[in-house]
Amino acid sequence: AQSVTQLDSHVSVSEGTPVLLRCNYSSSYSPSLFWYVQHPNKGLQLLLKYTSAATLVKGINGFEAEFKKSETSFHLTKPSAHMSDAAEYFCVVSAPNDYKLSFGAGTTVTVRA
Amino acid sequence: NAGVTQTPKFRILKIGQSMTLQCTQDMNHNYMYWYRQDPGMGLKLIYYSVGAGITDKGEVPNGYNVSRSTTEDFPLRLELAAPSQTSVYFCASSYTPRDKAYNEQFFGPGTRLTVL
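So the protein sequences, as listed, match chains R and P. 15 is the number that the working numbering gives to position 15 of the first sequence; each next residue is one higher, with no gaps. 1034 is the number that the working numbering gives to position 34 of the second sequence; each next residue is one higher, with no gaps.
I should point out that these hints are in silico values taken from the structure, not numbers from a laboratory. Since we're looking at a predicted model, the values are computed, not measured. There may be inaccurate statements among the hints.
Claimed, not checked - Have a look at the derived ranges for each label pair, beta carbon to beta carbon: (1) R/K58 x P/N1028: 37 to 47 Å; (2) P/N1001 x R/P40: 16 to 26 Å; (3) R/P79 x P/R1077: 39 to 49 Å; (4) P/P1075 x R/P40: 35 to 45 Å; (5) P/F1010 x R/S28: 34 to 44 Å; (6) R/G16 x P/Q1017: 47 to 57 Å; (7) R/T5 x P/G1063: 25 to 35 Å.
Note that CB positions come from ideal geometry on N, CA and C, so glycine has one too.
Please take these sequences and the hints and turn them into a complete structure.
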């Protein structure tokens, strides 16, 4: 079985400062990991994915995440926050060759001007 | 491509009423999914389909039904609406061949349903 824990339910940052969203996972297999973003009243959009290739994964809009097997973590970072980054972020895990996605509870990001 | 589209965007139902949430994708994806999202929670899978004519239950199927008569459409039916079904419903699709190692899903904009 797979599960994820997002360690922060809410993160507030100032525009131009770094963003860190923390995610720990649990999986019986070598997992696939995703970060999705949901802007207000919108559907979910894929930011990036890890599928057992490079451990440092670059995504859209300047986001990146690092897969650390020893720490069972997949934290999402961005060097400089923009006002448009204000949204809900979901860490998601699945087993290889499995249709099932297991979602974290989400982290709400607020960006202060 | 429009991607995944859902109708309606919003709906208010009375207890005991029925309705169908519509979902259409134009990406020729084989898999389609219905999720619900409750406040402060991640998405929970209601039903999924691996192709036309094939559907199966997810984590929280009670109170819902689905059908998949075409590749493009995957409607979700609520027969007797209850307040516990107040939620935001998302439809998603993916192209998932047998040998694919991961499952990237594409989501619609959601339907916000309130049952009073």
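So, going through the hints one by one against the coordinates:
no.: 1; hint: R/K58 x P/N1028: 37 to 47 Å; in the structure: violated (28 Å)
no.: 2; hint: P/N1001 x R/P40: 16 to 26 Å; in the structure: holds (24 Å)
no.: 3; hint: R/P79 x P/R1077: 39 to 49 Å; in the structure: holds (46 Å)
no.: 4; hint: P/P1075 x R/P40: 35 to 45 Å; in the structure: violated (26 Å)
no.: 5; hint: P/F1010 x R/S28: 34 to 44 Å; in the structure: holds (40 Å)
no.: 6; hint: R/G16 x P/Q1017: 47 to 57 Å; in the structure: holds (49 Å)
no.: 7; hint: R/T5 x P/G1063: 25 to 35 Å; in the structure: holds (28 Å)
Hint compliance for this structure: hints 1, 4 are not met, and every other hint is.
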